[in-house]
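Residues per chain are reported as follows:
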Amino acid sequence: MTHQKHFKAYKRIVARTSAHCTSGAARALSETQLSRPTLFYTMAPYTLTYFPVKGRCGALKMMLADNDQQLKENMVSIEEWMKGDMKGSCLFGWFNFFDGDLVLYQSNAMLRHLGRKHGAYGKNDCEASLIDMMNDAVEDLRLKYIKLIYQEYETGKEAYCKDLPNHLKPFESVLSKSKSGFLVGDQISFADYNLFDLLLNHKVLCSASLDSFPTLKSYVDKIAARPKIKALLECENFKKLPINGNGKQ
Amino acid sequence: MAPYTLTYFPVKGRCGALKMMLADNDQQLKENMVSIEEWMKGDMKGSCLFGQLPKFEDGDLVLYQSNAMLRHLGRKHGAYGKNDCEASLIDMMNDAVEDLRLKYIKLIYQEYETGKEAYCKDLPNHLKPFESVLSKSKSGFLVGDQISFADYNLFDLLLNHKVLCSASLDSFPTLKSYVDKIAARPKIKALLECENFKKLPINGNGKQ
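Protein chains in written order, with the UniProt record's numbering: chain U, 1 to 249; chain X, 1 to 208.
Please keep in mind that the hints were generated in silico from the structure rather than gathered at the bench.
A few of these clues could be false.
Claimed, not checked - Here are some of the chain U residues that sit facing chain X, going by a computed Cβ distance under 8 Å:
1) TYR105
2) GLN106
3) ASP136
4) ALA137
Claimed, not checked - DSSO-like mimics (lysine-lysine), calculated; alpha carbons at most 27 Å apart, straight line:
5) LYS128(X) x LYS87(U)
6) LYS103(X) x LYS157(U)
7) LYS45(X) x LYS207(X)
8) LYS30(X) x LYS199(X)
9) LYS117(U) x LYS76(X)
10) LYS103(X) x LYS87(U)
11) LYS45(X) x LYS177(U)
12) LYS176(X) x LYS162(X)
13) LYS30(X) x LYS189(X)
14) LYS240(U) x LYS230(U)
15) LYS169(U) x LYS106(X)
16) LYS147(U) x LYS207(X)
17) LYS83(U) x LYS121(X)
18) LYS169(U) x LYS144(U)
19) LYS72(U) x LYS87(U)
20) LYS128(X) x LYS207(X)
21) LYS207(X) x LYS116(X)
22) LYS103(X) x LYS248(U)
23) LYS147(U) x LYS45(X)
24) LYS123(U) x LYS76(X)
25) LYS162(X) x LYS121(X)
26) LYS106(X) x LYS147(U)
27) LYS106(X) x LYS248(U)
28) LYS116(X) x LYS147(U)
29) LYS147(U) x LYS121(X)
30) LYS116(X) x LYS144(U)
31) LYS222(U) x LYS123(U)
32) LYS72(U) x LYS239(U)
33) LYS199(X) x LYS181(X)
34) LYS162(U) x LYS45(X)
Using N, Cα and C, we set each Cβ at its ideal position, and we do this for glycine too.
Given the sequences, and given the hints that come with them, work out the whole structure.
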């Protein structure tokens with residue numbers, strides 16, 4: 001990249017991040033940097049700090065990929081986390097996401113943030129509320145999944161897979177009434193990335209889980225076939241991550 | 001007719017924050033109370049999208065999931081921050097309140113007798129982040145200059161914890177004055193003193 005292109009790219013990135021925060025620090029940075037054309041490191045606006053797992057960040061990565069967004073990933077090993085310094089610096093003792101000066105914890109807050117920024121939160125307030133409802137329902141199922149994986153895998157897996165259809169039925173029902181094939185409205189929303197990610201996890205856990213849900217089955221195929229999602233799913237950096245931190249899936 | 005209708009069990013449960021936000025904004029709420037007996041028959045449960053209550057109606061819009069209701073009302077009544085940055089921070093705080101509410105619910109419904117002492121002992125670790133955020137806040141609210149749905153939600157949950165672990169706020173002066181300040185808002189005060197609200201048990205199994 002030429003010097004000029006570097007400068008313009010950096011200006012775009014900094015301007016975009018500072019536009020979204022009222023923080024004085026972000027604005028001050030952009031003003032001083034732009035006045036002097038120098039070679040500098042082009043930084044990604046989004047940074048994710050997390051364990052080296054897919055975990056609660058699959059949907060976020062898919063949404064970013066689908067929107068051609070760069071993501072800088074800081075991977076933290078369990079050993080480093082156990083030392084406690086990083087955990088102590090995290091607001092709720094848990095991992096974070098940076099967008100310029102904005103620091104977010106809570107994976108669903110990150111999904112909503114990116115949904116707002118990238119047109120994946122419905123086209124009006126009504127749709128936004130329905131998307132919220134669907135995402136909260138996905139979160140309910142994700143919590144059950146997490147509980148099984150981390151607390152009850154050996155003893156609870158069979159009963160979990162047997163009960164799973166009861167939890168998939170509402171999503172099948174909503175999607176079968178959808179004209180667009182997405183959960184709400186005409187476009188993909190953060191709730192769709194989240195449900196898609198969770199369904200992929202369940203295909204691994206309970207292999208025949210989608211067999212009696214034709215709409216869910218074609219929903220997963222359709223989203224997996226989106227070119228940028230497909231590219232992400234096939235990319236080494238993504239594929240090599242285990243789904244969960246304890247190696248169970 | 002009231003534009004808002006809530007269908008729920010005769011408990012405060014997951015609807016305290018919602019009712020406080022509505023009261024604080026002078027909004028009417030029509031409440032359909034469903035007894036456990038009626039619920040156990042199954043027809044109503046079968047008609048609910050995720051087989052659960054509460055159910056909230058705003059005209060033609062039907063919502064399940066209590067946090068989706070809080071966000072919906074937050075959007076409509078100026079309690080979702082003044083820009084996208086604030087909205088994202090409010091989302092984060094509300095999700096943290098929800099995390100603690102899930103622990104509370106698990107204790108109440110699954111582990112009350114055996115787990116209460118340890119829960120109250122561990123509680124300060126979960127209150128500390130909220131004390132920290134609020135102590136840095138100029139407005140005294142979680143995010144920005146105004147009350148948000150996350151504030152109503154945290155306030156409601158702190159009231160539950162004052163009942164459960166009576167000395168829980170003693171080492172958190174900012175949380176203590178936060179609760180007092182919100183409880184003193186005239187329309188919240190009126191709701192907290194009103195018979196219909198006071199008579200509802202916090203939880204469905206009578207434990208608190």
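A quick look at each hint next to the structure:
The restraint placing TYR105(U) at the interface with chain X holds, with a minimum CB-CB distance near 6 Å, inside the 8 Å limit. Hint status for GLN106(U) relative to chain X: holds, with the closest Cβ pair at about 4 Å, below 8 Å. A cut of 8 Å between beta carbons decides the hint on ASP136(U): the least distance to chain X is about 4 Å, and the hint holds. Given hint, ALA137(U) at the interface with chain X, holds; its Cβ is 5 Å from that chain's nearest Cβ, closer than 8 Å.
Between LYS128(X) and LYS87(U) the CA atoms are separated by roughly 14 Å; this keeps the pair inside 27 Å, and the hint holds. Between LYS103(X) and LYS157(U) the alpha-carbon distance is near 23 Å, which keeps this suggested pair within the 27 Å criterion. Simply put, LYS45(X) and LYS207(X) have alpha-carbon atoms about 24 Å apart, close enough for the 27 Å limit, and the pair holds. Taking the CA atoms of LYS30(X) and LYS199(X), the gap is about 17 Å. The hint holds against a cut of 27 Å.
Restraint check for LYS117(U) and LYS76(X): the C-alpha separation of about 20 Å stays at or below 27 Å, so the hint holds. Restraint check for LYS103(X) and LYS87(U): satisfied, since their Cα atoms lie roughly 20 Å apart, inside the 27 Å limit. Only pairs whose Cα atoms come within 27 Å are accepted, and LYS45(X) paired with LYS177(U) is accepted, the gap being roughly 20 Å. Our distance criterion of 27 Å between C-alpha atoms is met by LYS176(X) and LYS162(X), whose separation comes to about 10 Å.
For the hint pairing LYS30(X) with LYS189(X), the CA-to-CA distance comes to about 20 Å; that is within 27 Å, so the pair holds. In summary, the hint linking LYS240(U) to LYS230(U) is supported, as the alpha carbons are separated by about 15 Å, within the 27 Å threshold. For the suggested pair LYS169(U) and LYS106(X), the alpha carbons sit about 25 Å apart, so the restraint of at most 27 Å is met. A distance of roughly 24 Å separates the Cα atoms of LYS147(U) and LYS207(X); the hinted pair therefore holds under the 27 Å criterion.
With a C-alpha separation of about 24 Å, the suggested pairing of LYS83(U) with LYS121(X) holds against the 27 Å cut-off. Distance restraint check for LYS169(U) and LYS144(U): the Cα-Cα separation of roughly 16 Å lies within the 27 Å cut-off, and the hinted pair is therefore satisfied. Taking the CA atoms of LYS72(U) and LYS87(U), the gap is near 20 Å; set against the 27 Å cutoff, the hint holds. This hinted pair checks out: LYS128(X) and LYS207(X) have alpha carbons roughly 25 Å apart, not beyond 27 Å.
Between the alpha carbons of LYS207(X) and LYS116(X) the distance comes to roughly 11 Å, so the proposed pair stays at or under 27 Å and holds. As the CA atoms of LYS103(X) and LYS248(U) are separated by approximately 24 Å, the hinted pair is consistent with the 27 Å bound. A distance of roughly 25 Å separates the Cα atoms of LYS147(U) and LYS45(X); the hinted pair therefore holds under the 27 Å criterion. Under the criterion of a C-alpha separation no larger than 27 Å, the hint pairing LYS123(U) with LYS76(X) is consistent with the structure, at around 15 Å.
Pair hint LYS162(X) plus LYS121(X) holds up; C-alpha atoms about 13 Å apart against a cutoff of 27 Å. Distance hint between LYS106(X) and LYS147(U) is fulfilled; the C-alpha atoms sit about 13 Å from each other, no more than 27 Å. At roughly 24 Å between alpha-carbon atoms, LYS106(X) and LYS248(U) fall within 27 Å of each other, so this suggested pair holds. For a cut-off of 27 Å, the pair hint linking LYS116(X) to LYS147(U) stands: about 21 Å separates their Cα positions.
Distance check on the hinted pair: LYS147(U) and LYS121(X) sit about 23 Å apart at the alpha-carbon level, within 27 Å; holds. The suggested pairing of LYS116(X) with LYS144(U) holds, with an alpha-carbon distance near 23 Å, which does not exceed 27 Å. The straight-line distance between the Cα atoms of LYS222(U) and LYS123(U) is roughly 22 Å, inside the 27 Å bound, and the hint therefore holds. Proximity of LYS72(U) to LYS239(U) is assessed by CA-CA distance (about 17 Å); at most 27 Å being required, the pair is judged to hold.
With a CA separation close to 23 Å, the supplied pair LYS199(X) and LYS181(X) stays within the 27 Å bound. A hinted pair counts as satisfied when its Cα atoms are at most 27 Å apart, and LYS162(U) with LYS45(X) qualifies at roughly 21 Å.
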